[in-house]
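Trainee: Here the structure of chain A is known, so what remains is to put chain B in place on it, guided by the hints.
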Amino acid sequence: MATREEITSGLAEILEEVAGVNPEDVAEEKSFTDDLDVDSLSMVEVVVAAEEKFGVKIPDNEVQNLKTVGDAVTYIEANH
Amino acid sequence: MSNVDVVVTGLGATTPLGGDVASTWDAMLAGRSGVGPLTQEWAGQLPVRIAAQLAVEPSEVLERVRLRRMDRAEAMAVIAAKQAWADAGLADSGLDPDRLAVSYGTGIGGAITLLEQDDILEQSGPRRVSPHTVPMLMPNGPAAYIGLELGARAGVRAMASACATGAEAVALGLDLLRAGRADVVVAGSTEAVVHPLPIAGFASMRAMSTRNDDPEKASRPWDKNRDGFVLGEGAGALILERADHAAARGARVYARLAGAGITSDGFDIVQPDPECRGGIRAMRMAIQDAGLTGADIHHVNAHATSTPVGDMGEIKGIKAAIGTHPILTSTKSMSGHLLGAAGALESIATILALRDGIIPPTINLDEPDERLDLDVAAHKARPAEIQAAMNNSFGFGGHNVALVFARV
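In the order they appear, the protein sequences are chains A and B. For the first sequence, the positions run 1 to 80 when my numbering is used. For the second sequence, the positions run 1 to 408 when my numbering is used.
Extracted from the complex, chain A is given alone in its bound form (with noise of 0.2 Å):
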C-alpha cells in the first residue's frame, strides 16, 4: 500500500509528464485546473495514467470530483 506522500510524487510524475507541472508545485492542496493549468484533456491523460500508476479504476463520474491533488490522492488511497 503506497502512503499519501508515495501517491502525491507518482501524481506529481505524471503532471510533469503529460501537462509540464513543475513536481515542486504538486501538493495535495493545489486544485488541478486553478493551480496548476491542468485543462479538461490534460485531466483525462492525468486519469488514465494514474488507473496504470497505481492500479486502480477511476470512472468519469468520479473525475469531476476530484478538484485537488488531495482529491485525487484520497479517491486513490482508498480505492487501490
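Just so you know, these hints were derived from the structure itself, not from any lab. The reader is advised that the hints may include incorrect statements.
To be verified - Listed next, with one range per pair, are the computed distances between beta-carbon atoms:
1) B/S204 x A/E17: 34 to 40 Å
2) B/S204 x A/E77: 52 to 58 Å
3) A/S9 x B/R127: 21 to 27 Å
Unchecked claim - One side only, chain A facing chain B, incomplete, derived with CB under 8 Å:
4) A19
5) G20
6) E45
Quantities reported herein were computed from a predicted structural model and do not represent experimental measurements. Note that the Cβ used here is the ideal one computed from N, Cα and C, for glycine as well.
Mentor: Just chain B now, with coordinates in the frame of chain A:
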C-alpha cells in the same frame, strides 16, 4: 485584375535541407541532397527505404509538452510560421488581429497521429487513445495552430489539394488580400507522412523511386533514369501583405506576389494529363493575372517530381504557356517531394532566386531525357537576372496552381 498589390514580407521553413530558410537556401545553392536511407525498423519490409527527413527535429525547437499535443505536421507548421512572423518583423507591430488571416494547408493531414493512435486502440483499447487525437489529426489543425500561435482572427482557412496545396494556399492568400478581407495573411503548407502506410500506398502506385542503394541520386527530375519521386517532409510559411500596409510600417519586401492561376484537369484522379492542358491554363491565367506576358517570365521552379510521365508533360506546358526562354529548375532533386508542402517551399525558393539573382540547381540531371528541350540549371546554381518567375504545383485530383512572383 485588382489594383491591390500584394508583397511577401516574411519567410519561414523547416525542411530536409535545413531547420530554417537561410540554411535551406544555402543547401540548395550548394546542390546538396536531403535524401537519405530510412533506418527505422519498419522500413526493412518496404520496397522504398529512402526519404528526405527533416534536418532539425521539432523537439529541438518546440517545448516537449506542446509537442505531445501536436501532430508532427502541426509542429512543423508552427515552427515555419513563427520564423516567418519574426522575419517579417510583425511581432511588435501592433497589427490588428482582426486583420490577420491564415491560409495554410496540408496534403494528407495528421496521418502519423491517426496511425499511431490506431495502434494504441488495437493494442491497449479505446481508453488509452489520447484525448488529443482529434485536434492532432484534423486537416485544419496546422492552420488552426498557427492561428492560435499568432492570434489570427480574420479567419483560418485550410487548403487540401494534394501536392498543389501549398501553392493554392498562397493563391488564396492573394485573393483574401485583394478582396480586403485581411491586411496580412500567413500562407503555406506542411507535410509529415514519413510512415510505412503512406509510403506503402505511394509505392503500390509505383510512383516512388526505389533507388534504395543510392538515396542522394534518387530524385532526378527530367533525367532519363528517373524512376519516381522521393518522399520528403517539411513545412514552409510566407507572410503575404498588402503592399501599402507593408510600406506604411517600413517592412522589408522580398518580392511581389503578382498573380495566380488555379485550374482543374477533369482528366483522371491521379494521372497527370500528358498534354498538360490544365497546367497550361493555370500558367496562362497566372501570367495574365500578373499583367505580364510569357516573355516576362525568366525562370520557372517546376513541379517536376522525377516521375516518368509528369516531368515531360510540364515541359510541354511551359513551352506552350511561357515559351522556350525561361531557365527551369526542380528543387525537388534536393529536397525530395514535400507533397502538400512542396508549393510553399518552392515558392520560397522562387522568391529567393528573384531576390538573389541566382537559380538553385537541379541535381542528378546526368542524362537529360531527349524530350527535354528547355534550359535547366543542371548540377550547379546559375546566376541570372530575373524580373519575374513562376512556381508550378500540380496535385492528385487534377489540381493545377501557378504562381507568379516579381521583383519589387
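Trainee: Interface hint check: A/A19, Cβ to nearest Cβ on chain B, cutoff 8 Å. Holds or violated?
Mentor: OK, holds: A/A19 within 8 Å of chain B, min 6 Å.
Trainee: Next item in the hint list is A/G20. Is there a CB on chain B closer than 8 Å to its CB?
Mentor: 3 Å, holds
Trainee: Restraint: A/E45 near chain B, CB-CB cut 8 Å. Satisfied or not?
Mentor: 6 Å, holds
Trainee: With 21 to 27 Å as the target window, see if A/S9 and B/R127 comply at their CB atoms.
Mentor: Between A/S9 and B/R127, where Cβ atoms are some 24 Å apart, the hint holds.
Trainee: Verify the CB-CB distance for B/S204 and A/E17 against the hinted window 34 to 40 Å.
Mentor: 38 Å, holds
Trainee: Quick check: does the Cβ-Cβ distance between B/S204 and A/E77 fall within 52 to 58 Å?
Mentor: 54 Å, holds
The earlier numbered hints are all upheld by this structure, with none contradicted.
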